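**Q** What follows is each chain in one-letter form.
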Amino acid sequence: MKKDIMICGVGGQGTVLASKIIAASAMDEGLTVHSAETIGMAQRGGPVTSHVRIGDDAFSPLISAGGADLLIAFEPSEAVRNLRYLKKDGFVIVNSVPVKPTSLSGGADYDGKAEIEFLTSRCRCLAVNSDELCAPFGSSKFFNVAVLGAAAGTGELGLSADTVRNEIIKTVPQRFLEKNLAAFAAGIKLGAEHSAN
Amino acid sequence: MSKKYVMGNGAIALGALSAGVNLISGYPGTPSSEIIETASKYPHEGTYLEWSVNEKAAMEVAAAAAYCGARAMVTMKQVGLNVASDPLMSLAYVGVKGGMVVVAADDPGPISSQTEQDTRRFAEFARIPVFDPSSPEEAFEMVKDAFAYSEKYKTPVILRPTTRVDHAYASIEAPDSFRAGEYEGFVKDSKKWVIFPRLSYANHMVIEKRNTEIGEDFSSYRFNTVTGSSKKAVIATGVSYAYAAEFLKDYPEVRLIKVGAPYPMPESFLLRALEGVTEALCFEELSPFIEESLLKLVGKHRLDIKVRGKLSGDVPSAGENDTDSARRIIGGFLRLEADNSGAELSSAPEPPARPPVLCAGCPHRASFYAVKQAMKGKKAYFCGDIGCYTLGNAMPLDMVDTCLCMGAGITMAQGFNHMDSDAVAVSFAGDSTFFASGITGVVNAVYNAADMIVCILDNSTTAMTGHQPHPGTGRNLMSAPVDKISIEKILIAAGVKKVVTVDPLELDEAIKAVKECAEVKGVKAIIFKSPCVAIVKPDKKMRVNSSCVGCMRCIKEIGCPALSVNDGRVVIDENLCTGCGLCSKLCKVGAIGGV
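Which chain is which? The protein sequence lines are X and S, in order. In terms of the numbering used here, the first sequence has 189 at position 189, counting the first letter as 1, and numbering is strictly consecutive. In terms of the numbering used here, the second sequence has 275 at position 275, counting the first letter as 1, and numbering is strictly consecutive.
Because the hints were derived from the structure by calculation, they are not lab data. Just so we're clear, the structure is a prediction, and the values are computed from it rather than from any experiment. Cβ atoms here follow ideal geometry from the backbone N, Cα and C, with glycine treated the same way. All clues given are correct.
Here are the simulated DSS-like cross-link-like pairs (lysine-lysine), alpha carbons at most 30 Å apart as the crow flies:
{"no.": "1", "chain 1": "X", "residue 1": "Lys141", "chain 2": "S", "residue 2": "Lys540"}
{"no.": "2", "chain 1": "X", "residue 1": "Lys20", "chain 2": "S", "residue 2": "Lys144"}
{"no.": "3", "chain 1": "S", "residue 1": "Lys192", "chain 2": "S", "residue 2": "Lys144"}
{"no.": "4", "chain 1": "X", "residue 1": "Lys179", "chain 2": "S", "residue 2": "Lys540"}
{"no.": "5", "chain 1": "S", "residue 1": "Lys498", "chain 2": "S", "residue 2": "Lys372"}
{"no.": "6", "chain 1": "X", "residue 1": "Lys141", "chain 2": "S", "residue 2": "Lys41"}
Distance ranges between label pairs, derived from CB positions:
{"no.": "7", "chain 1": "X", "residue 1": "Asp28", "chain 2": "S", "residue 2": "Asp567", "range": "43 to 51 Å"}
{"no.": "8", "chain 1": "S", "residue 1": "Arg121", "chain 2": "X", "residue 2": "Met1", "range": "38 to 46 Å"}
{"no.": "9", "chain 1": "S", "residue 1": "Lys521", "chain 2": "X", "residue 2": "Asp131", "range": "53 to 61 Å"}
Not everything, but these chain S residues come out facing chain X in the computed CB check (under 10 Å):
{"no.": "10", "residue": "Met7"}
{"no.": "11", "residue": "Ser135"}
{"no.": "12", "residue": "Pro136"}
{"no.": "13", "residue": "Tyr169"}
{"no.": "14", "residue": "Tyr243"}
{"no.": "15", "residue": "Asp322"}
{"no.": "16", "residue": "Ala326"}
{"no.": "17", "residue": "Ser347"}
{"no.": "18", "residue": "Glu350"}
{"no.": "19", "residue": "Ala360"}
{"no.": "20", "residue": "Ser564"}
Turn these sequences into a full structure, and let the hints steer you where they fit.
**A** Encoded structure:
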């Protein structure tokens, strides 16, 4: 299998954990994986990306423009910012809840609505509201695992949900495991419903 | 043995441990910090690890190990090599007994650095070999090669990964436990280990002769390779090779030359690889190093090859390469159809700017704000330094007028004081920066009778690079608790006239401390002490109640990322808030309280 998956968001949203779980799951399935993360000053509230490259002939650590099969965006404007990486027929999973830019850097009116409108009208796209999806688990912080469920549920991830679940069990702290697994299951349900429609 | 999914930096650490390294020292700096952090996860007898106080110290500690015949590695970012250049230049003349690998990580972009300097130039300047990995897998192998070459030629060698190799993850097949190598120990020989002009002259002769031999050796080096046979050749180094290979994977006939060991120039390899070539494009980052090597080669051997690259304007002088620029530049050079059919983007909404900011609840915000309030209406210069707190330059704080390099805040504030004594000269340095290179600045200021305020932003960690310990934290990489070195006592011992320690989150006290210091003549210091919010769990959150009048004073004064506006009123993002309470202290109507 050959698959390029990009994960993007704002520093602090938990994108790194999501990319680590995808990479580990792909390796569990016997695939060759390379990935790359944003590290350093940009992590302080700036845009962050993870590039996960599955397949034997990935030389570059970064996905090429127009190369991503799947874009998992933790934030609407970050999805748009990184859309140039998406393949023409690529799939987008986007969190519709915006992270407003820091008060004085402009963009006070930004609410993510235009971005979601743009994405859903132009791409194959599943928009997920992290607040609603994660409400039963008490914190939007479970979104990083829930969105993996959604990706697996749609079939766009190209990895089995069981493999991913096993990696979640190995990765997240024991005391948060139950809620993470519930969030993952909720994501799968949402993804499966989307692809059924 | 098992497969380990690690960062390029992890691969470098595993490579060194596989090579039986006896000592690794270094100073944190993006993109190099995870090398020592990874090594510290495999503690074993015979391998000593340390976070040194700065890169110069790290280099010298490692040099002694190499004099003992032990294998030593020292890690830093590229600008760290500037700090360590004094010992490195001399060490290049003296040479080593055990293998010594200097890892200096370059940062094209730059993404997290002050400069786009090219460590390959440093290697050439110091006349020592350099290895340039194009992937984590290659970095793992190259570290082991680097030790072998270092011992074969009795010279320190440089490994220079770049950010995209340091921070790329790959599976590395590596041992699960490691054994440090045996070493003879130091054998006294003052004719060998004591640098004197006469020794340097003699060794300089030896080094130049030897470098020709290394260039020959590098001509059969396994990571100097050529594929394809076209008349137009692409020469790439480091991660740029990966981008070129990615673009050219459908064009195996194109001659692609990888230079994994660029200095001393592998002359006979290049002559072989370029046979029949009429035009060569050098695809590299930072400086036109290979391009200039090639121009030398073309001149020396009167080759009829047109050399293209940065100097010819085909490759940009600054910034990173990537697969897109590979497609554009290499595709253009070879006149290949460059397909780039991505998602359709016309009329996409413009994403908002997201400049990096101090974290919500960061105590540095309170420290800057306290100084700003105390200096209100006064002419003052604020000299910043390297660390998270460089972000104090952002609006609305706007409290960093200068930032030059590690430790320069203190010494530059002193310089401003001598040039403009009407202004209050204020410097800001973090705790790790203070230990790294702030102490000499304080001594210099006291000795030269400056009138200035030294602010130490003490958050008890090296935050920006990933929370490494430092001499003030009471921890190191080898032992259980060690004695904390007191910043306050150092300042007092250096003769600083007034030293005050305050909690910046006690805003009124902090402002008062700054005002009092400004009244005293001479060098004064304020230690703003409050731990980094990334390492302490918050015990409360702040919330805005219904009495908020929407004056936006909190937002306009401190710009905390947890604060935003909703329907004309301020709201606090409780996922971000750490309950520091700085905003509540500014609110004129008491609308913000802890929950």
